[in-house]
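2 protein chains.
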Amino acid sequence: MSETGRPPAPRPGRPRSARAEQAILAATIDLLAEEAGVAGVSIEAVAARAGVGKTTIYRRWPNKEKLIVDALATLKRPIPELPGRTVREDLMVLARTFAREQDRKHSRCFLNVMGGADRHPELMDRYRREVIEPRREVIRGVLHRGIETGELRADLDIEVALPMLVGSMTLQARALAPMDSLPPDFAEQVVDTLLRGIAA
Amino acid sequence: MSETGRPPAPRPGRPRSARAEQAILAATIDLLAEEAGVAGVSIEAVAARAGVGKTTIYRRWPNKEKLIVDALATLKRPIPELPGRTVREDLMVLARTFAREQDRKHSRCFLNVMGGADRHPELMDRYRREVIEPRREVIRGVLHRGIETGELRADLDIEVALPMLVGSMTLQARALAPMDSLPPDFAEQVVDTLLRGIAA
Chain R
1 MSETGRPPAP RPGRPRSARA EQAILAATID LLAEEAGVAG VSIEAVAARA GVGKTTIYRR
61 WPNKEKLIVD ALATLKRPIP ELPGRTVRED LMVLARTFAR EQDRKHSRCF LNVMGGADRH
121 PELMDRYRRE VIEPRREVIR GVLHRGIETG ELRADLDIEV ALPMLVGSMT LQARALAPMD
181 SLPPDFAEQV VDTLLRGIAA
Chain B
1 MSETGRPPAP RPGRPRSARA EQAILAATID LLAEEAGVAG VSIEAVAARA GVGKTTIYRR
61 WPNKEKLIVD ALATLKRPIP ELPGRTVRED LMVLARTFAR EQDRKHSRCF LNVMGGADRH
121 PELMDRYRRE VIEPRREVIR GVLHRGIETG ELRADLDIEV ALPMLVGSMT LQARALAPMD
181 SLPPDFAEQV VDTLLRGIAA
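Residue numbers (UniProt numbering), protein chains in the order written: chain R, 1 to 200; chain B, 1 to 200.
Hints were generated in silico from the structure; no laboratory data involved.
Bear in mind the structure is a predicted one, so any value in this text is a computation, not a measurement.
Where is the CB? At the ideal position from N, CA and C, for every residue including glycine.
Don't take each hint at face value.
What the hints assert, rightly or not - Think about it this way: if two alpha-carbon atoms lie no more than 20 Å apart in a straight line, the pair counts; the simulated SDA-like pairs of lysine to any residue are:
1. B:K54 - R:D125
2. B:K105 - R:R119
3. B:K105 - R:E122
4. R:K105 - B:D125
5. B:K105 - R:D118
6. R:K105 - B:L123
7. B:K105 - R:K105
8. R:K105 - B:D118
9. B:K54 - B:Q102
10. B:K76 - R:E122
11. B:K105 - R:D125
12. R:K105 - B:R16
13. R:K105 - B:K54
14. R:K66 - B:G84
15. B:K105 - R:H120
16. R:K105 - B:R119
Stated by the list, open to error - Across the chosen pairs, the derived CB separations fall in these ranges:
17. R:D125 - B:A18: 19 to 27 Å
18. B:E148 - R:D157: 29 to 37 Å
19. B:D157 - R:G141: 25 to 33 Å
20. B:L82 - R:K54: 52 to 60 Å
21. B:A39 - R:P62: 51 to 59 Å
Chain R extracted, bound-state conformation (with noise of 0.2 Å):
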């Protein structure tokens, strides 16, 4: 109920909380884009680029580091559902996901937390763990199974074969080069061409 008596008007959209959660969760986003990273981020900075109050952000995220890996969380598409037809389609699904990924905000952010990692050795772990590893496990699950039947030379090394294709789409790649040097195609390209390379 309202001050007034009467129960409170229906908002649209989404439930308060769920609003809080998603303005604080952009506002870390912010905060790690800009040049100092996960030293830039405090729980009184988030309040209050949020307009929240410290105890709302407290109730969710007992510390910097967990908010911090749930907003890089944010950052990454879910991967859709992959065909399971075969290896080439699952892997321009990912490709295509990854390079989707990598705009400059995202970048930003990444690089900076990356950059102070040796410093933020728990929150690196956690990352890690909870984002990172769950996508890397999706993407040897498709070499695996390209290897069992058969698309996939037997003897394919998948540790060697996951970072060609992490690496050449992520943005250390693209970073350095003018962004119109690659080709529209270029997850297209870098699939076919990681393919004739780890194929039966």
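Following the hints, position chain B against chain R.
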């Protein structure tokens, strides 16, 4: 002549100015590797850390951007003379060179500088032009020659193969994986896999 009227005793090792330059570049790298990246570098801070006066720095570098680009260049190993006999041999030399560059301090510097790239566009332009592009040109040269000799596919898109090689070998691909998950012959396996993908 020194103030005592005698000629100064010969100093062992590098002359004083070369030693100062070395100290200045090393101090700049130390500061770049810290979390604030470019924002943490100032002529004052470099002078203090290198134990030199600010004028010693200004005598050689008119501003911090030029100093930073020169400092970043010291992190890159010189590309060895390429044998030029086969594409495979040349790519192996390049991949091994890139692999050896990926120590933690190099990675931190690079990530911190890239993370602030949007704020320092002139610095990034200069870095691309003076440090990165000459290296990319060496790789392009190897790939072009491979197409001419028929070792590589005639329709190879060099601008796809190039980021695949660089991206596979650089920290992005490795930063998020435990280093020991990569096989010791990672560079060789990357080149052979890529080569199967781009060979004629």
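Hints and how they fare:
| no. | hint | in the structure |
| --- | --- | --- |
| 1 | B:K54 - R:D125 | violated (40 Å) |
| 2 | B:K105 - R:R119 | holds (12 Å) |
| 3 | B:K105 - R:E122 | holds (19 Å) |
| 4 | R:K105 - B:D125 | holds (19 Å) |
| 5 | B:K105 - R:D118 | holds (10 Å) |
| 6 | R:K105 - B:L123 | holds (19 Å) |
| 7 | B:K105 - R:K105 | violated (24 Å) |
| 8 | R:K105 - B:D118 | holds (10 Å) |
| 9 | B:K54 - B:Q102 | violated (31 Å) |
| 10 | B:K76 - R:E122 | violated (30 Å) |
| 11 | B:K105 - R:D125 | holds (19 Å) |
| 12 | R:K105 - B:R16 | violated (44 Å) |
| 13 | R:K105 - B:K54 | violated (35 Å) |
| 14 | R:K66 - B:G84 | violated (51 Å) |
| 15 | B:K105 - R:H120 | holds (15 Å) |
| 16 | R:K105 - B:R119 | holds (12 Å) |
| 17 | R:D125 - B:A18: 19 to 27 Å | violated (42 Å) |
| 18 | B:E148 - R:D157: 29 to 37 Å | holds (31 Å) |
| 19 | B:D157 - R:G141: 25 to 33 Å | holds (29 Å) |
| 20 | B:L82 - R:K54: 52 to 60 Å | holds (58 Å) |
| 21 | B:A39 - R:P62: 51 to 59 Å | violated (29 Å) |
Checked against the numbered hints listed earlier, the structure breaks hints 1, 7, 9, 10, 12, 13, 14, 17 and 21; every other hint is satisfied.
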